[in-house]
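Chemist: Residue numbers (my numbering), protein chains in the order written: chain A, 1 to 53; chain B, 1 to 264.
Simulated from the structure, these hints should not be mistaken for laboratory data. Where hints are given, some of them may not hold.
As the list claims (entries may be wrong) - Examples of chain B residues lying across from chain A (beta carbon under 8 Å, computed):
| id | residue |
| --- | --- |
| 1 | A6 |
| 2 | N43 |
| 3 | R218 |
What the hints assert, rightly or not - Partner residues aside, some chain B positions facing chain A, computed with beta carbon under 10 Å:
| id | residue |
| --- | --- |
| 4 | G64 |
| 5 | C67 |
| 6 | L71 |
| 7 | V96 |
| 8 | A99 |
| 9 | W108 |
| 10 | R110 |
| 11 | V205 |
| 12 | V223 |
| 13 | E225 |
| 14 | E232 |
Glycine included, every Cβ here is placed at the ideal spot set by N, Cα and C.
Letter by letter, the chains look like this.
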Amino acid sequence: MSYVDAGYAAAFGGLFLYAVTLVLRRRRWERALRMSEVPAVEADDAAAHGERS
Amino acid sequence: MSAVPATWRPRWLTVVGVLAVVTTAFTVWLGLWVTPPDVVQGNLARLLYVHPAVATVALYWAGGVACAGSLLYLWPRTRSFFWDRLAASAVEVGAVFSALTLVTGSLWGRPVWGVWWTWDARLTSTALLLLLEIGYLALRRVPADPHIRARRCAVAALLVAIDVPIVHFSVDWWNTLHQGGTILDPGFELHVHGSMLWTMLLSFVAFSLIFVWLLAVRYRIEVLEDAVGDQELEVSLAERWSEDTELVGAGSGTGGSTPGGSAP
Numbered sequence: 001m002s003y004v005d006a007g008y009a010a011a012f013g014g015l016f017l018y019a020v021t022l023v024l025r026r027r028r029w030e031r032a033l034r035m036s037e038v039p040a041v042e043a044d045d046a047a048a049h050g051e052r053s
Numbered sequence: 001m002s003a004v005p006a007t008w009r010p011r012w013l014t015v016v017g018v019l020a021v022v023t024t025a026f027t028v029w030l031g032l033w034v035t036p037p038d039v040v041q042g043n044l045a046r047l048l049y050v051h052p053a054v055a056t057v058a059l060y061w062a063g064g065v066a067c068a069g070s071l072l073y074l075w076p077r078t079r080s081f082f083w084d085r086l087a088a089s090a091v092e093v094g095a096v097f098s099a100l101t102l103v104t105g106s107l108w109g110r111p112v113w114g115v116w117w118t119w120d121a122r123l124t125s126t127a128l129l130l131l132l133e134i135g136y137l138a139l140r141r142v143p144a145d146p147h148i149r150a151r152r153c154a155v156a157a158l159l160v161a162i163d164v165p166i167v168h169f170s171v172d173w174w175n176t177l178h179q180g181g182t183i184l185d186p187g188f189e190l191h192v193h194g195s196m197l198w199t200m201l202l203s204f205v206a207f208s209l210i211f212v213w214l215l216a217v218r219y220r221i222e223v224l225e226d227a228v229g230d231q232e233l234e235v236s237l238a239e240r241w242s243e244d245t246e247l248v249g250a251g252s253g254t255g256g257s258t259p260g261g262s263a264p
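Produce the entire structure from the sequences given, and follow the hints as far as they go.
Modeler: In structure tokens, the structure reads:
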């Protein structure tokens, strides 16, 4: 592999890998947000129930 | 419910992504197959369709956004977490571009200069930029109140930004092995011509579009992280509130079993 090929591979390969990790991180956080919204609603219900009792 | 939508795929981001892929493909095609070899450097000049553009993004685009975002956060009239998140995103993306600047520069320097690395002013100040960016990212992970963390990081980003003009002017201020301006000299005279010039300009467009896309996705992650943190805090507070009210209810029902007669 020449220095030119290595340079192109490093630049575009590095950016591609970083982009993939960003997309995966975004997906994981979106899933975490969806998961956290469900208990939040349940906790609100529980709090409202607690206030009533 | 959270005010942050769980999915966010704006059309403009898709357009930027597609344009980035197309311009990058053209840059690679022109850079590797269409443009002629240089008279002095031969095929090694093809690395100049990558390295200067990557360095420009690392230095000016990422450094500029991080500096502007931090200043706008610190300015009381424009203070908003939007600027803090934007600056943090720019620093992380900038760190990736800074690392690639050093790698592609080394791959060019080894055959042209005969060394992978030398303590040249331009190289050293660029390495310092990467270290400062890593320091900023480490500081951001230190647990703190969001306002304190944002203020602390804004000051740190301004320290990172101080290095940007040092990197830029390093080839003028010191005698360096690194060349001066790649496209323009200080008298604004062009060094590059014809297809080599157009390919180089296209590479600047391609890497700038990649930067915008990466910055937007990274910013979205910052928003999601904060939203999930807020949700978890709300859940914890709601659970705690629920436990407290149940305790009060139980205490008043039994004539007061808590030491003080009733919970505070």
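Chemist: If a hint holds in the structure, say so; if it doesn't, say that too.
Modeler: Consistency of the hints with the structure:
1. A6: This hint holds: A6/B lies near chain A, its Cβ roughly 5 Å from the closest one there, short of 8 Å.
2. N43: 6 Å, holds
3. R218: Holds, because the Cβ-Cβ distance from R218/B to chain A comes to roughly 6 Å (cut-off 8 Å).
4. G64: Cβ of G64/B sits 19 Å from chain A, so the hint is violated.
5. C67: 22 Å, violated
6. L71: Violated - the Cβ of L71/B stays beyond 10 Å from chain A, reaching only about 26 Å at its closest.
7. V96: For V96/B, the interface hint holds, since the closest Cβ of chain A sits about 5 Å away, which is under 10 Å.
8. A99: 7 Å, holds
9. W108: Nearest chain A Cβ about 7 Å off; hint holds.
10. R110: 6 Å, holds
11. V205: 15 Å, violated
12. V223: 9 Å, holds
13. E225: Holds - the Cβ of E225/B comes within 10 Å of chain A, reaching about 6 Å at its closest.
14. E232: 6 Å, holds
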